[in-house]
Amino acid sequence: MNSALAQPAPIPWEALLPLIAVATTGVVAMLIEMIWPRRSNDVIVWVCIVGLAAAAGCVVYHWNLPALESFGPRFDNAQGSVGGGLFLHDRFGQIIQLTLIATAFLTVIFSEGYLREKRLAFGEFYPLVMWAAMGGMIMATSRDLLIVFLGLETLSIALYVLAGLSQKDKRSQESALKYFLLGAFASGFMLYGISLIYGATGTTNVAGIPALFSLELPDPTAVNVAYAGMGLILVGFAFKVALVPFHMWTPDVYQGAPTVVTGFMAAASKVAAFAALIRFLDASMAMKDVWIPILTVLAVITMTVGNLIALAQKDAKRILGYSSIAQAGYILVAIVAWAKAKGMPNLTIGYETVAFYLIAYTVMTLGAFAVLSSAASKGKEGTLLEDLYGMWRRAPFPAAMMIVFMASLAGVPPTGGFFGKLFIFFDAVNANLVWLALILAVNSVISVAYYLKIVQATLRDPEVHPTKFAPVNVGLFATCFLCAIGLFAIVLFIDPLKSWLGG
Amino acid sequence: MPELMDPSMPSGLNLVWLVLLLPLAGFLFQAAFGKAIERAFGKSTGRRILGFMAVLPIAAAFVIGCILVSHIANQPENARVAISTWFDWINLQSIHIPFELRVDPLSLTMVLIITGIGALIHLYATGYMADDKDYPRFFTYLNLFIAFMLMLVLGNNLALVFIGWEGVGLCSYLLIGFWYEDIENAKAANKAFIVNRIGDWGMALGMFLIAVVFASSQTLLGGETRYLSFDVILPLAQQVVGEWGGAVVWAIPLLLFIGAVGKSAQFPLYLWLPDAMAGPTPVSALIHAATMVTAGVYLVTRCHVFFEMSAFAMGTVAVIGCFTAIFAATIAWGQYDIKKVLAYSTVSQLGFMFLACGVGAFSTGMFHVTTHAFFKALLFLGAGAVIYAMAHNQDLRNYGGLRKYMKITYGSMLMGWLAICGIPIWAGFWSKDDILGKVFASNEYWHSQGWAINPVILWAIGLATAVLTAAYMTRMFWLTFFSGEERWRNLPEPAHVHHHAQHHEHDDHHDHGHDEHGFFIEYVDEHEDGQDHDHHDLGPSHEPNEVKPAMWFPLVVLAVLSTFGGLILSGGYPVTEVFGAHTTNLFKEWNAVSAQPTVLPAKEMFKVSHSTEAVLILLSIAAGLLGILWNRARYKKGIPQNEDTKLRRLAGSQWGYDNAMVKTFVDIGGKFSDAFYKIFDKGVIDTLFVNGIPWVVASTGKLIRKTQSGFVRAYAMAILIGALAIASYIFYSISR
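Chains as they are written, first to last, in my numbering: chain S, 669 to 1171; chain Y, 105 to 840.
Treat the hints with care, since some could be wrong.
Unchecked claim - Here are some of the chain S residues that sit facing chain Y, going by a computed Cβ distance under 10 Å:
id: 1; residue: Lys846
id: 2; residue: Leu849
id: 3; residue: Leu850
id: 4; residue: Phe857
id: 5; residue: Val891
id: 6; residue: Leu900
id: 7; residue: Leu902
id: 8; residue: Pro961
id: 9; residue: Ile977
id: 10; residue: Leu979
No lab work stands behind these hints: they were computed from the structure. In this text the structure is predicted, and so the values were computed from the model without any measurement. C-beta atoms are modelled at their ideal positions from N, C-alpha and C, and glycine is treated no differently.
Only chain Y is shown next, with the shape it has when bound in the complex (with noise of 0.2 Å):
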């Protein structure tokens, strides 16, 4: 691809636009080509086809990924970034915007985690859609994400990643509503859209700001006009907005957490991402658990600059995670649907990110997006594969002992359950302590920047919800794989009528069995692959099996990660550090060139004794097993009789948040608007101009027509009066 080289760059690096364009690629053929792959090659053979090629281009993106890495860890740590530009894309005399890549160890962190886990999700996803009727729409969206959020980390300005944010907040939509015959999910998708433009508005005020800021500022950019690359910006970012002072220092990294709080779903603006939950589970893991929604702590880790010129700002960000990690977990603590479960903790682990991010820690709140990656995404494609195997039935309270039926998948989610629980040696472990410890060592620096609450107070409130966390995950998981009962088994029989709405496909083969394209066989065919357990519902004669291999081969390698993932990266730190030993932080290293602090003291402000060092790694320890052995206790022998308090409901209904922002945004926002349509609308603009402007232009044309006699003397006339007029104007003037 001659055409995308940049001389200036080190020629491997190139490759960079491949990653971006092969998921591209893949978009394309799956738009173009998805429905006539279908018809042509009938539908069994025709998905394999078009299943393969949906995870070739995102696994080859993942191999160019590891290359470049390879590339970059052999460069010293300053020489790690890396920039390609294509073409300009906007170029005017007072901004320039290339069309340009940044590779540099934050990028390509984000790039492998997006590629490698996107990879294993559509591998996925091959088996858990085989049965859906829109099989290439699904993939098509899905390829088109990729593309997106590669394009969202990978781009080099803000016009570029906003591109990427856009973009995904599209394909979110597109795939929350993807079964979109149920008005819930089309309504679920509005919110998730509607929400998110509130976030997206903070977004794009944030770089105008900085476009404006910098800008003004040219004698500091010596004539460079790319005033949204962060190569530019980022550098600079101390100088330039130093010397604006004011409220500017702290507006731009607010404007830009707003945008922020909403891909992320922080509190405030969270309240879409549970309601997202009505996508199919694949989606539900990529996107709204493993990457797009980590687009936020992207963001506040790529611009920490700006982040760091102001400690309010710093610590909105801390405030905020820490108030959304607590808030959050009570809420999944009060969940029954197994995927709002862990949407509930998916925004609380989110919390846990900024945290880490407001108290300076950057590197170690994107060690943490890293891990939870690892085993949100085991515990979604888990929790998918349950799904998948009961019939659609998503309710915990009608699970119970699967571990018998599913041995996979039951071995792979407690991997993923014991990473989240902040268990050692699993993922979660070294990510979540890490940021309780870095939470408390800067308590000191913090205070001293005035900082209205103490960061000891965020520690403990992270530290209970490491509790919290543990405890509905144990709930969760007990209710699902243990409880001696099988409580499926209580159901009622059902109608064998297939009304599911997720059941489209099943329909399908009823309606048109013997279809015209002799389609049936190669249906029969996989009726003989054993794959036909989910076309009975839920009840006494239901047997879960485990799931195909496409599905549980990519929950294998996720259980694998979530394993060793989180000790290989960081190399055992701290855990290494209380015993003297010096082992090499690997992501810390990796990473440092983009995310350590540039205006913090980083290496003062997080400096603890070993002592206190082992004190609170100790506790988190016991905050994780404290929470399992509650819940293991409580949901040993099933359901307990208490389980239905009034308490848990208050908190599965967020609190009453939710309604109460319904109410005022939806009801008295609808109310308003149909009064001010009523009178503003039909009574003075539809009057006064739609109707009424017409009717006087119309009525002063038909009275000038009316001039218009046809007579040639009134013709002359009126160049005679037009002629006298100019005449006694000009004898104005020249007599003046």
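Isolated chain S (complex conformation) (with noise of 0.2 Å):
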């Protein structure tokens, strides 16, 4: 075991290499923009293009490299061997890695046309959000709570900045002071419970907490401060997810920040989270008798509020907000269904129905609020549904997606939303978790009047002012057609998802 330790293997780079071309892109682009600052943001969005699709290459061209329980260097060696490396390899990382690109990727290509009709195009926007990106696939692809926690603060630092880009505009500031301070209490949280995990483990790796359980008779303290670490780190991940009652910052963060943001914010950080949710909760399967019951009552009023508190909203950003924390909800009891099975005999549930969500949720998200977005125009952008009204007549295209996007999220056959939520359904039933599933379904049948709000908007000649839209360009369009596309072509991607990650 020594010798192991003395001579730790080689570091499989190639695994690496999807992080560093997204932040050797996020680099490149601060560098043009510091060298031509104020000129025209196309190099800006060509490189991030580019770099984006080498990060996504790099991602399938080591799509076979066989996966790797951990690599990396080792904070671990004080008093032994139980961590490991600070990386893992699998597909799951592969796919959220992959959702994440794609998500900067096509926010990249729709940001350019508002930013401009807002009035701020900033070229930091490019590399932030590059930034923002990276850490979210660290978050996806590390196994260290430090890390993680790492991961965790560059995605969100960027956001805190991305989030009060429009320096003129006082919700978009608001929206960065409230964010910020938020998000630095609930790391707060999530910091101590790494902390505290250390104390139990010895490590920050979380192959240390099931080591410790499954010591012949674990140290009791430290069984008891495990939990209570356990218990704050999901804190912290809640307030990020935006699970009730941690939710608060979410409506108005989204509606504060430009558009754009919203819609990168909304997509990334949620899949970046939930992704690295799932894997502690994983390493802590030992105590998933505690958190489980925990996270169950979360996703009943998580669901049950954020779908509440949305029917009452006036504003299509805001409606989104809340709609995105139902969304957490759901994706939340994929998550209890998948601990439940667990223990089941006769029943495996792997990661597929989480990532088949979490890549239906990124794809009609990220297309719902390209599409709001295109209601910024000549420096005015207005949300209200009532802004909205007419848009049918005048901007057709993106009336026309908001429909399937809005379908979509409403759990209407044959998109994408509506495969997920029947994927945990049907999770959730053969976890004998019948009673969660009703509440899902009763849930999805409420929100769908929200989404009809939306969508009926849209359709509805407009009474006071016709708000202008902006024309739609090839960026917008491009977005607003994949989104499309992918929803529905996502289905074909169940099988492959489910032999990746099943079981």
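Two chains, two frames, a set of hints: combine them into the complex.
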């Protein structure tokens, strides 16, 4: 064993290439912005497109690289060997990385038009998106809680800045400040939780937790400390994925931030945080008797409260904010079902349901915000429902796309949203959680009402002042189109996802 | 068509797919190009093309049907069944339903009837419907009907049969309501559709029950999961159902029979068929006489194993059939509408077929299906010709002496009339006599099986029905073609307004006589053909004419079939038996593999001595003659004074059955659902759910929204509270 410690395995750099590519793209984009400030951002956009394509290429090129349980340097040599390296490499990580790269890619191609219409075409936007994506990718492939935290902060800090991008808009500033303050508050919980885990296991690596519980006679104090740490880490994640009652920042921040940022934030931070959460939970399986009830309750109140409040909203961005809270609740149901199934004979549920829903959620949310971004024109932007009146006439393509995305969010077949919910429902039923499945079903019925409200608004005739919609540019068209196609095409990935992630 | 080839099949038999696809192609052609062709080539030429294209696929399918018959007939008796699978339609873990067709004597018999008589009726319809404004729509439906009907008889599993079953129901609905602008026609279509739902309910339940029973008998099936396919269930039915025992034994056949009762218009569900006469006459001939309504008999024959296992089910079939036969015959005797007479006659004849099936003579039942298809199609088409010549007047009281004016129609209908009356050598005699003989002969067997009603009684009722049949048919025939007076001459001269519901086309010509397409010239051409007779209304100046060749040609063909078809197919059985001569009963031999009873002792149960047989034959001939002579004497000189008696009126009103049904189910049901709507829908649902739930949901949403104050401190407080709740729960659970 000592000899193994003495000669650490070589680092498989190809597994880290996507991360490096995205980070480098961010740096290059920033340098260009520094060298030619206040020029057209087209060059930066192209650099980002190429960089992200290269990153995606790296993932795909090394798709068949064998899974590695751990690699990279290790922090845990204080007492021995439990931890292992900081990173891991597996299918789930690859899929989440691809999802994040795609999110950044779609954001980059449709943002420029919006930023110009809003008169905030700052070149900083692009590197920040890159680094945020990189932070998310780190969260999805790291097995050391400190590194996860680092990824989380990289993602969050970039998002704080992005949220406040519109310096003249008070609401944007307010949103950035709220996000930052509350984010810092939640990070405190998380960091404290990590330190407790370290106290209990002697390592910040998640592998320490199963090791602690697999001891024949675990130290009862250490076990209790681990439980407390787990609870605090859950709070941190709950804030990040916006579970009720840790959700309250969401509508304010979503509404205040520039629409393109909201779209990216809604998709990327939720995907990354859920990926990290499910990995953490997988490691803490020994404590699942405690965290399953917590997550179940959180799922129920998150779905219900999110949907109920969404009904009372009058602003499309706020509605989508609450909708994303409710959607987090659905994903949590999938996670609970997955955890329940772990202890059951004859039933294996892998990450596939969660991954499928995360991808579908990304596509439909990003698409919806992309459509909303076309409501910004010549420095003005109205996202109240009544601002959308008449969209059908003046911007028929985005309006039609809106119907598709709303249909998917509401779970109308044969969209990805429908299948995602269907799989969650099946998983829940299979895991003997029929009541939870029924709550999910009832909630998704309630949600139809407010999604229809948005659709209805786009189809109505304007009453007071007709909103100007920005003309559809290539980027926006491409984003909407790709998202819409993706929503239907995602069905084709059900079987591959099952074979990669199942059981 | 290589993808349709099933390598396991003798290659020639794969042609069966063409039989199914040709009418379907015809349907698609009419639906897609009908209107366009009419517009492009003008009404006259366009319709000629469309009519040709409508008849062609059916005729071609008939030819292919004949080829298939010749293939199969060469095989030894047991090798006459083949199945061709195209693709997997439904393939679940628990049940497997391929898209497969069955080629066997029974399905081919039906195919020949459907396509052969179907082609003739299509041809006839090109003449009959020539002036209708919706010509392409008519043939679209008619071709679709043929396709579905073929699916019904060719499908090798109950699911495919059910598709056909529902499909023909749909087409029947569409065609009954073809002249939908008249609300009465639309109502008749609805009635047919709704009453048929009851039957379909039985059929579907029977199908499910079969699937359930077979799915739970895995061991016998040896891993086979085609629980609805005939080649799986029929040979094993005896074992599997026998293993279950109990109610299943009679429930399966009775549920299937409910389906048959609905589709084949038996008591108590017959009441849609008379109303279905609202459709154009070719439809009545094709769907409501020759083919669709015999689907019930087909189903019983196809699934005869299930019926045979339960004496109770067999008895029910026989009694219902027998009762319907006499019941409908009395009603027919009270009708004045020529099509209504034929409609009730059809119901009555279908009763005969079920009577045959009920005593176990399935092959004889199918034989009656065949001969009935000949002569009833003939009679309907003849009636259509009369109606056409009489400007769509259907009342027997307005006819009379038409034989002088419509010689071909008269001549062919004469053959049909003799056939249905059961006079040798015409077709109806052979099948009807065979049925009555089989019913009588099975007396001993069914008596020993504990039937409450002896078959002899059923036979006596059947014989009485035969008298009645001859009677009402003679009445109809005489009032139409003979009876001295030409009563249509006494009708008042009609005003020159053409507002017959059926005369849309006529109005069209008056409205746009000189339309921009120049069709008027074509229209004049038609006038010169001498086809303008129905442009007059019935009246003193009206002279009925013989119909055009497209219409009388099918009549002649059917007349020949009605005359000789029965004799040829039966080979003279059972008359030859009496004389000790042994001729081949072609139809029975041919159908043996599909229609021979498998559980019942077929060889022994129908045994009678030659002398009894001879008496039976003589009695059945006497019955026909009696009916003819009685009514010929009665209607020789026109309508007698005492025609409109109370009894006849009562019979004509279906003995009050239809009214009672309407009162009970439509009126009371309507009141009930009205009250239900007011109390439950408006009261409970609307208040509590439609308005109540949204109110509760929305107010809760508004309430919770108040927590969203916008202050960071409040949000942080929420996070803190949440964290504390989680922490206390963890503390609680680890300290437990």
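For each hint, the structure was consulted:
1. Lys846: Check passed: Cβ of lysine 846(S) comes within 5 Å of chain Y, closer than 10 Å.
2. Leu849: 5 Å, holds
3. Leu850: 6 Å, holds
4. Phe857: Holds, because the Cβ-Cβ distance from phenylalanine 857(S) to chain Y comes to roughly 6 Å (cut-off 10 Å).
5. Val891: Holds: closest Cβ of chain Y sits about 8 Å from valine 891(S), inside 10 Å.
6. Leu900: Status holds, d = 7 Å.
7. Leu902: 6 Å, holds
8. Pro961: The hint holds - proline 961(S) has a Cβ within 10 Å of chain Y, the shortest such distance being about 7 Å.
9. Ile977: Status holds, d = 5 Å.
10. Leu979: Holds - the Cβ of leucine 979(S) comes within 10 Å of chain Y, reaching about 4 Å at its closest.
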